Every structure is written in structure tokens, then in C-alpha cells.
Amino acid sequence: MKRAIPVLVLSVAGLIPLWRYAPSQDTGSSSATEAAAPASTPSVSSSGGTTTTVVSGSTIDTEKGPVQVEVTFDGDKIASVRMLRQPNHPQTTAAVPKLIEETLQAQSADIDTVSGATITSDGYKESLQAAIDARG
Amino acid sequence: MRRVEHVMGFPVSVRIDDEDFPEAPVDGLFAWLREVDARFSPFRPDSEVSRLDRGEVRDPSPALREVLDLCEEYRIATGGAFDARLPGRGLDPCAVVKGWSVQKGAELLSAAGARRFCLNAGGDVIASGGPWRVGVRHPEHADRLCTVLDLTDRAVATSARYERGDHILDARTGRPATGLISMTVVAPTLTEADTVATAAFALGAQGVAWAAAREHCEVFAVDADRRVLRSPGFPVAGAGFAAA
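Protein chains in written order, with UniProt numbering: chain A, 1 to 136; chain B, 1 to 244.
I should point out that these hints are in silico values taken from the structure, not numbers from a laboratory. Mixed in with the good hints there might be a few duds.
Stated by the list, open to error - Residues from chain B that keep clear of chain A, each with C-beta distances beyond 10 Å, as calculated: (1) Ala31; (2) Pro42; (3) Arg115.
Stated by the list, open to error - Stretch-level coverage of chain B by chain A, calculated; a stretch enters the list once three of its residues show a Cβ under 8 Å from a Cβ in chain A: (4) 7-14; (5) 131-138; (6) 141-149; (7) 155-164; (8) 209-216; (9) 223-231.
Remember, predicted model here, so these are calculated numbers, not experimental data. Beta carbons are placed, not taken as given, at the ideal position from N, Cα and C, and that holds for glycine.
Okay, chain A solo, but in the shape it has when bound (with noise of 0.2 Å):
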């Protein structure tokens, strides 16, 4: 049970982008929005040697909305996880944008700064950005 604890945050944490790009699971039957639980404290059970334990997680505000979730322990693994509270709102879907083609170009600039790769401190003497900073 030590593990426990930050195990259920990560997967509280995972849940939210699974629930966004998955595509949505709602038959209409069930609705989105379950009542909400309160934060339980862990209800322990035992039988044939390992332990269940049933832990609600706190409830996370997404830009979508609530989101809360139960996570079901058989010793230190979870056994399940449940949504005890997810937004009532459509999935939204991007749609990938017709990207341009371009053949790669060398060029010279005025400019005020550089983006890379991150460069080391050592990197740093010989950049571009260097040249920009000494110029003040």
C-alpha cells in the first residue's frame, strides 16, 4: 500500500487524456455525468490472503469539467478503475490540417532571438544566440 498513494495520482492524471482522444463511449444510456462522490476513505476488504482496496480519487477540474474516478486495489496492483464523475460534453475531435510542403531553406535574418535544439553551456559560446545577447 505504500505504492498506492501516488500510483492512484498518476492514474487519475491518466484518465483525463484518455477520456479526451479516446473516441467517446457514450451509448446515451448511461449518463456523463454520475453523481459525485465524495473523496472515500479507502473501504478495505480482504479474502484468500490479498487485500481490496476501493480508493475514490479527488475530483480534478479539466478545462471540460469534473472529473473523478475510483480505483480498485488487489494488494498493491489495481484491479480496476471506474469514472465516478466525467464531463457531459461531446469528445472534440481535431482534425489534422493540411500541412505544407516546403523544400528546406538556408537563410540570414534580423532577428531577436533563437529557437533550437537545447544547447549546452558549453554549446553556447559559438551560438547564434550569443552573438545576440553580446550585441545587447
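Given chain A, put chain B in place with the hints provided.
What follows is chain B alone, placed relative to chain A:
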């Protein structure tokens, strides 16, 4: 005002154009970045990240939880190509920590009243106010640019192999990601831009469409065939920019 300091192993350049902006908030920015390095570096055995990884931290701090939540969000969004927990390696949230911490640092400057400033953290840029003219380093020529953008109140990050080699792994295979030469992402925050750029780079060729489909993200990618693919909304600087 301009200042350059080295934190987390990379240079951080600050330029603030507001008149008579005080030094203290800039000191605060660098103090915050040094604190992040001490707390979240996987290379420091005494950092919270290292202690969590060894099972010595039971309840991560809210800040670390935020970072781990972001890692998990992007792991799922990329189908596992982006993962802070690679098999056989320790927990490494660096790809998220950089953009996230610099974004928070920029918010410290804004909260102190800075309106027009430009923050460059080892190649990741936050443009506040603007427009700022931001060049994107050419992947093959360190002294040239492959494009220039006009950026206002947005951030841009680039992932590539030319500075630090094959440091981005595709967690699905455990091998270095080689589908792209360079991946540049513009987003409302650096947290988003930096993580999306790294995650897309890990995804390889399919990462271009993946990143372009994300809300508010604009991409400029150079694929393995040296082909440029950019989204129509990528803010390329307008007239007056001549190809040399």
C-alpha cells in the same frame, strides 16, 4: 534589460524591454530555476525526483505531482512513445520540467509587471508582448536559420539531435528517434510547446500530424528526407524576410 545565466546545464537569456524594470523579479526567476534544478533533476541523488524513484517519497509535492501528471498525459497521448519511465532507466521527467519551469518563471516576470520580454532557455523561447522575431536554427548549419517567425504572447520550442545527439528515445522501441531532423512547435505556453516538440520528435514521422492536430499548436518540421512540413497557421514572418 538583458541578463544571461546558466542554469540546469543550459544558458537562459532574458531581455526585458519595459522601462526601468527592477532586478529583483529577474533574480527571482533565476532563483526559481535553480530551485527546480535542485528538486527535479534526476542527476542529483538528493533531488525529490531521485528520492521518489527510490521509493523514499510517499507523497510527492504538488509541483512534482503536476510534472508527473503532465508526463503521464503525454505518455498516453503519444501511445507510449514519450515516457518519463523508460525500462531499465530511472525516472526522468526532464522533457517536461524544462518547459514547465521556464513557463512558471516567465509568469513570475509577468506578475511583477513585465509586459514586453523575451526569455530564451537553451533554445526554447517565450515571447511576451511583441511581435518578436524568432529565428529557427537550421538543423545542419549552426549559423543559419531555416525560418523566421513573428511571435506575440506565445512560446516556441525545437527538438532535434544536432546539439546533444540521440538523446530523445522512442519509448515504444527504446531506440533513438530518427524519423525527424528537427521539430519546432508554437503553442500558447512553453509547457505545451516544449513537451509537444519532444513528444512529436519521439513519435518520428507520424509526430508531425500528431502535433499539428493538437489544439493551438503550430508546427514546422524537417523530416528525414530534409523536407519541410509546416501547418498553415505557423506564424512565418511576413514581408521583408528574404531568403539568402
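Status of each hint after checking the structure:
1. Ala31: holds, 18 Å
2. Pro42: The claim stands: Pro42 of chain B keeps its Cβ more than 10 Å from every Cβ of chain A (closest is about 15 Å).
3. Arg115: The claim stands: Arg115 of chain B keeps its Cβ more than 10 Å from every Cβ of chain A (closest is about 16 Å).
4. 7-14: Contact hint for the region 7-14 of chain B vs chain A: holds, 4 residues under 8 Å.
5. 131-138: holds (count 7)
6. 141-149: holds (count 8)
7. 155-164: Holds: 9 residues of the region 155-164 of chain B have a Cβ under 8 Å from chain A.
8. 209-216: Three-residue rule met by the region 209-216 of chain B, so holds; n is 5.
9. 223-231: With 6 residues in contact (Cβ-Cβ under 8 Å with chain A), the coverage given for the region 223-231 of chain B holds.
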